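Both chains are sitting in their own frames, so use the hints and assemble them into the complex.
Here's the letter readout for the chains.
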Amino acid sequence: MKLDLVIAGVGGQGNILASQTLAKCAMDDGYNVVNTETKGAAQRGGSVLSHLRVGSQEIYSPLVPKGQADVLLGFEPLEAMRYMSLLSKQGKYIINTAPVPTILAKLKVDQYPSQDEMVTAIRHQGVEGYFIDATQAARELGDVLLTNVVMLGAFTAINDLLKPEMVLNKLLSQIKEKYHAADVKAFNTGREIISSVL
Amino acid sequence: MEKQFMLGNEAIARGAFEAGVKVVAGYPGTPATEIVDHCAAYPGVYAEWSTNEKHAFEVAGGASLTNQRSLAVMKHNGTNAAADFLMHINFTGVKAGMVLISADDPGGLSSQCEEDTRVLIHNYAHVPVFDPANIQEAYEMTKAAFELSEQTEVLFALRPVMRINHAGGMITYGDKTSVERKAEFIPDRSRFVMSAVVEKEYGGELRPKMRHRWLNNKQNELKAIMETSPFNWAEEGEGEVGFIACGIGYAFLKEAEQIYGKKLPVLKISTLPLPEQKVLQFVKQYKRIVVLEEIEPVVERLIKQLCFENKIMLDVLGREGYLPAEGELSANLVLTAVESAVAGQAFPNAVPGNYIPARTRTQCSGCSHRGLLAALQAVIRKNGGIVTGDIGCHDAGTFEPMKLQATIYCMGSSIPMAYGIKAAGFDKPAYALIGDSTFFHNGLTGLASAIANGANITVIVAYNSTTAMTGFQPHPGTGRSLTIEHGNPIDPGVVAEAMGAKVYRCNPYQVEETAKVLAEAAEQEGVKVVIAEALCYLKFGREGRVSYISRDVSINTEVCNGCSLCVRTFGCPSMTISEGKAVIDKSSCNGCGVCIWVCKRGAIQ
Numbered sequence: 002m003k004l005d006l007v008i009a010g011v012g013g014q015g016n017i018l019a020s021q022t023l024a025k026c027a028m029d030d031g032y033n034v035v036n037t038e039t040k041g042a043a044q045r046g047g048s049v050l051s052h053l054r055v056g057s058q059e060i061y062s063p064l065v066p067k068g069q070a071d072v073l074l075g076f077e078p079l080e081a082m083r084y085m086s087l088l089s090k091q092g093k094y095i096i097n098t099a100p101v102p103t104i105l106a107k108l109k110v111d112q113y114p115s116q117d118e119m120v121t122a123i124r125h126q127g128v129e130g131y132f133i134d135a136t137q138a139a140r141e142l143g144d145v146l147l148t149n150v151v152m153l154g155a156f157t158a159i160n161d162l163l164k165p166e167m168v169l170n171k172l173l174s175q176i177k178e179k180y181h182a183a184d185v186k187a188f189n190t191g192r193e194i195i196s197s198v199l
Numbered sequence: 055m056e057k058q059f060m061l062g063n064e065a066i067a068r069g070a071f072e073a074g075v076k077v078v079a080g081y082p083g084t085p086a087t088e089i090v091d092h093c094a095a096y097p098g099v100y101a102e103w104s105t106n107e108k109h110a111f112e113v114a115g116g117a118s119l120t121n122q123r124s125l126a127v128m129k130h131n132g133t134n135a136a137a138d139f140l141m142h143i144n145f146t147g148v149k150a151g152m153v154l155i156s157a158d159d160p161g162g163l164s165s166q167c168e169e170d171t172r173v174l175i176h177n178y179a180h181v182p183v184f185d186p187a188n189i190q191e192a193y194e195m196t197k198a199a200f201e202l203s204e205q206t207e208v209l210f211a212l213r214p215v216m217r218i219n220h221a222g223g224m225i226t227y228g229d230k231t232s233v234e235r236k237a238e239f240i241p242d243r244s245r246f247v248m249s250a251v252v253e254k255e256y257g258g259e260l261r262p263k264m265r266h267r268w269l270n271n272k273q274n275e276l277k278a279i280m281e282t283s284p285f286n287w288a289e290e291g292e293g294e295v296g297f298i299a300c301g302i303g304y305a306f307l308k309e310a311e312q313i314y315g316k317k318l319p320v321l322k323i324s325t326l327p328l329p330e331q332k333v334l335q336f337v338k339q340y341k342r343i344v345v346l347e348e349i350e351p352v353v354e355r356l357i358k359q360l361c362f363e364n365k366i367m368l369d370v371l372g373r374e375g376y377l378p379a380e381g382e383l384s385a386n387l388v389l390t391a392v393e394s395a396v397a398g399q400a401f402p403n404a405v406p407g408n409y410i411p412a413r414t415r416t417q418c419s420g421c422s423h424r425g426l427l428a429a430l431q432a433v434i435r436k437n438g439g440i441v442t443g444d445i446g447c448h449d450a451g452t453f454e455p456m457k458l459q460a461t462i463y464c465m466g467s468s469i470p471m472a473y474g475i476k477a478a479g480f481d482k483p484a485y486a487l488i489g490d491s492t493f494f495h496n497g498l499t500g501l502a503s504a505i506a507n508g509a510n511i512t513v514i515v516a517y518n519s520t521t522a523m524t525g526f527q528p529h530p531g532t533g534r535s536l537t538i539e540h541g542n543p544i545d546p547g548v549v550a551e552a553m554g555a556k557v558y559r560c561n562p563y564q565v566e567e568t569a570k571v572l573a574e575a576a577e578q579e580g581v582k583v584v585i586a587e588a589l590c591y592l593k594f595g596r597e598g599r600v601s602y603i604s605r606d607v608s609i610n611t612e613v614c615n616g617c618s619l620c621v622r623t624f625g626c627p628s629m630t631i632s633e634g635k636a637v638i639d640k641s642s643c644n645g646c647g648v649c650i651w652v653c654k655r656g657a658i659q
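First to last, the sequence lines map onto chains A and B.
Quick note on numbering: the first sequence equals residues 2 to 199 in the working numbering.
Quick note on numbering: the second sequence equals residues 55 to 659 in the working numbering.
Next up, chain B with everything else stripped away, as it sits in the complex (with noise of 0.2 Å):
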């Protein structure tokens, strides 16, 4: 036993490795990325980011049935895309232990949505999560999901929150306990050929409903598992009202408890499905009790339902009509939740507080994407088109000063949005912003149901050759994966063309070129793709790599009069007025030279 610091993401990833994690497949998604990263680290692992999350739980799945252990890695928006697998692999089982991490985000703080996937993996898919306090647990809980899955036959889910993947402390680990196993596949096609076969040894029944059956009846025994894992106890304490507390809500709880002042009577709970029996036990001996989850009331239902079932009167106290329903927990959210409930008293409206100006994200200095952004707000604005956005660094277009994108929704949605609107009869030109790496993640099908549907928009890939948001992964369009760099990059323009769509290509440094170019595609019929090609400033300026060439930019103040348009509508962060007149930040500006463009007047130069 070792001990060491390290990140929650890092611990998962020990966690894997130790338990002898063979394959890892995964896509970029805050908070979850890094388990990528470090997997690739260590010998003998392979690791890749794959186009999408179904995809990369495609791969982890093929590599289980050849009997290695592997590992799938997404952010809860990705566990969407990856749900029509969840779908299947869940009634087919696996071979060697297969892991599923889904990482959550509660409160939304760097996702389009806030979401519980504890709801999508357990309550739909019927497959086991683990929900882990604090990282030394995501570490020791990574490690038993790969020997409990392979045990079981079952997938395991671990659902870390951000907190979990994002903090860091000392890890107590061991050494890798697996042993090398011989890659095989074995065909079993009653399992792993899902499909509506009748099956003769059930009696003619149809193989879904089959391993239906199969699923239900592994419930039993996954609840036996966790009647007795390790995750799951109770703690003695004072009071009338007992505490329910799940994966980080625990942590908050004890954290809540030492301000409090005394001790509390808790049952921890980080499993699913529940130890119905331990649940039973503790509730038993209370008229209160209050469960803290993140972020559904999904424990919390169970226990209702369970109480139910065994004729259990009590209050069942949690984010189903007593703490508020949305947003992250915290120790004083749930100080405030033991002193109510104590109290017997309703859990306290919020107080809003006073706004204290927001520090909105927005382009870097020198970003590619701006230039792109302007030039095509210029253009609608004559021909008054709409945009519907897509994922990715671009989407601060939709902020101030821009307020460029009409729409922002999932990975991809650009595409078929963009053409729905054109398919509901709107008359302007529509078009689809997306980046490269989402637009290999889903652009790609919503392409080709354009195209094969004779729609009428213009889609312009933002190519910048990274997966910029997420700290600069590689994708197809890059020559590059996770491991090497084999210099084959699947060029989107060329795909497009091969698909029939009209090709353009522009630099979006090249304002007035590429405002040309976004205006005379939307004068074309059908699905125009306009290639903006120019390499991410913020990864590849440091390797001194840019797609411009770099000028001492100044403002000339006998020319400009304050106008101040430059900064209202462009919003450089290496802009702003100063006395009357426009003042370039030297130390930050990256003399991309855009903003030229920007001043009518020409006194910027």
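Same shape as in the complex, but just chain A (with noise of 0.2 Å):
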């Protein structure tokens, strides 16, 4: 048994705790993991790469290599974009379709790609996943911030080795108790978003 998972995002969108909250659920369920995160200076604005190995045999790499990965979690179209090659062919993605601009895109050095050219480009790998609009979803419940814990109740809509409950309860461990509600709310938004369509 064993589950690569890989989210990108941008500095601030919660990426960090999202992984940590699947790594603490892995660990109390016996498995074996090892986890890191690839991030230039988060904190400014960069982009952040969280990867997350997780099963029942020695893990080696703490890096998840190309084509391996089990799930891609985007919580940025374009971050999602940068590394797809990480997803397995049999893999599954999920993509929150809201863009966070580059500076770079911002000052017309560089282009940031439509929505369009984006869906298509990973649509073109030829992976099965989902795009959904995680940011509103949240902004909907009152708060942008919980696009994390939305994206994290989508994924537990598409992925059985963790219990849907252990996670939202792990999660919520984490956090101040005056958040729980509207964390849960957003958590079952999530589940509900890719349930739909499933």
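Calculated directly from the structure, the hints in this document are not laboratory data.
DSBU-like cross-link-like pairs, simulated, lysine-lysine; straight-line CA separation at most 30 Å:
(1) 109/A / 457/B
(2) 570/B / 457/B
(3) 640/B / 177/A
(4) 67/A / 3/A
Computed from a predicted model, the values in this text were never measured in an experiment.
Below, the structure is given as structure tokens:
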């Protein structure tokens, strides 16, 4: 049994909290867990990629090799596109379609691709997956900062290694109680978005 | 024995604690920083942030000579800065076990340069190095390094790479094994006084030569230790190509092996010096071997030398002429190496991928550096000056859109480079822009040199009261150490004044005033030091302490003509142009108001 997961996003999107939540659940289940993050000054707007490797066998590299990830969670579409090559042909992705423009795109040094271009480029790779507007869903629940929780909920709808209620409880155990109600809603919203298209 | 999830840096700190480390000193630098923080949390351990890596190394050296186990922690750039002490303590040897952690960053993911400090530590200083393949091994090696260092009286080094420091995993660990020892300094001048002294007992030889011989003679003892080291082993496998995998290279090879689907013959080597007999035994079985290591061909060249000395003919394929000579290894790269070497083919050339818009780092919304950078840019546009840069968050001023600093080299180089530019005859103002932590690290001596040599430059110290880039460590200008809040900051302006510089002060959030000061300072002769003082927004903003009066900044859309000058020259992440008008993202704007100055039409209010 193994799960190789990568979460691609932008600093401040709660990528690391999501990855740590899943890592802790997997450890509680008795799996071997190895993880790492590649982040270039994440707090200053850089891209953040979390690698999480779960298995019952020995795990050697903290990095998920190219073409080996079972799941790619894209908290931001450009970052998802950047790391699509990590995903296995049999893998699945869930990608939040809400863009976070790059500094260079704002300065017109680069052009941030249109949503269509990104969706086409990702679909072109012939891997199954889902595009969801997790940011909009979080906004409707009252706070865009819940985007990572929507994505985490969505993940539990496509994966059966970690039990959804366990993931939710582990998440809640790491955050202040006053945020619990909103997080439960966001988590369930994520699950429902995926269930409705399954 | 207990099992717990730890980060690599946490595991290294655990190993040091169990080995009974008493004194830990370092200077923050990715990816090694957290080792010192974790050590500080253990009872009975003295841990500090020194002003620079050389001093950290010297603090640890003093402790070892006083019979207490010690640890010096740094990233590769820091090891460069500490090389002078390395090239002495290697010759003197140590008293209590002493370990140097020199963390490398293959690929330069978080560094100014890519380098392999094994070259400096082993090839140059002849100090033994452990190169961990995973974090469990990093923990075990740290512990073993203390024991072996004490046993051999030689400094030991651990060279983890970023993928070890920043990886997390399950660690099986134990209890503190070392006994308390007495802090005593027994002078031994023939060892601890490195000087060109005539050694009577050695037939009148000079001490430097005698200590050099001591170090050379130690190598055989070290080689024998590595021969039976638990960190080196051979694995049987199929095929006619043997693989020698070093440190993290072993992790990538085992990963690649699983994808490749066949068990490969492997010799795992994680020590320098090499276990020569093990290597000879392994290579004799093959006509071709592949060496996987980060980053330079260190083990590869030693193996070639060993084969030459033993008259063994075979192909040794590695970083020198086969694999890419630069950049990080990966499981995929190693898989390609396995397939190519087995097929007897050249390693394929890399095919450049399509460019995906990069996400560069910049100053945060609300950062005090942005006001300083904007003011300086406006000033040099008028006076034609040049800005030498230094290490720190402000270095993002070199990127789009500011493109301000003309140079970035190493810690503290901005000041001497600026007056070197003047010495060469540059007839416009030269500015050196340096952060406060860097100023204390290696800027002070450069400033003294500038003053003593009658230079004509303007040094700007961005005094934000923290080492922001690496995660807000204290420095001498902050009034706190790693463990205590002592409330006695060393003010860089007071120091500069005492040294004889003409000192100016400004608050970089007040852009107009800052620009005036920067222009005026450059018009004066001599060494001028501008202290641009404002708290780091990212650190102190959380505590409700900022150096500006927060305001609600908005765009007057009737005045804004969409010229986009604010976005193109200023680059605040909270500003964009949408439908022909500037827009401020209220959710990320921190109300510093610096941008108000940028719009000459007065559209930002």
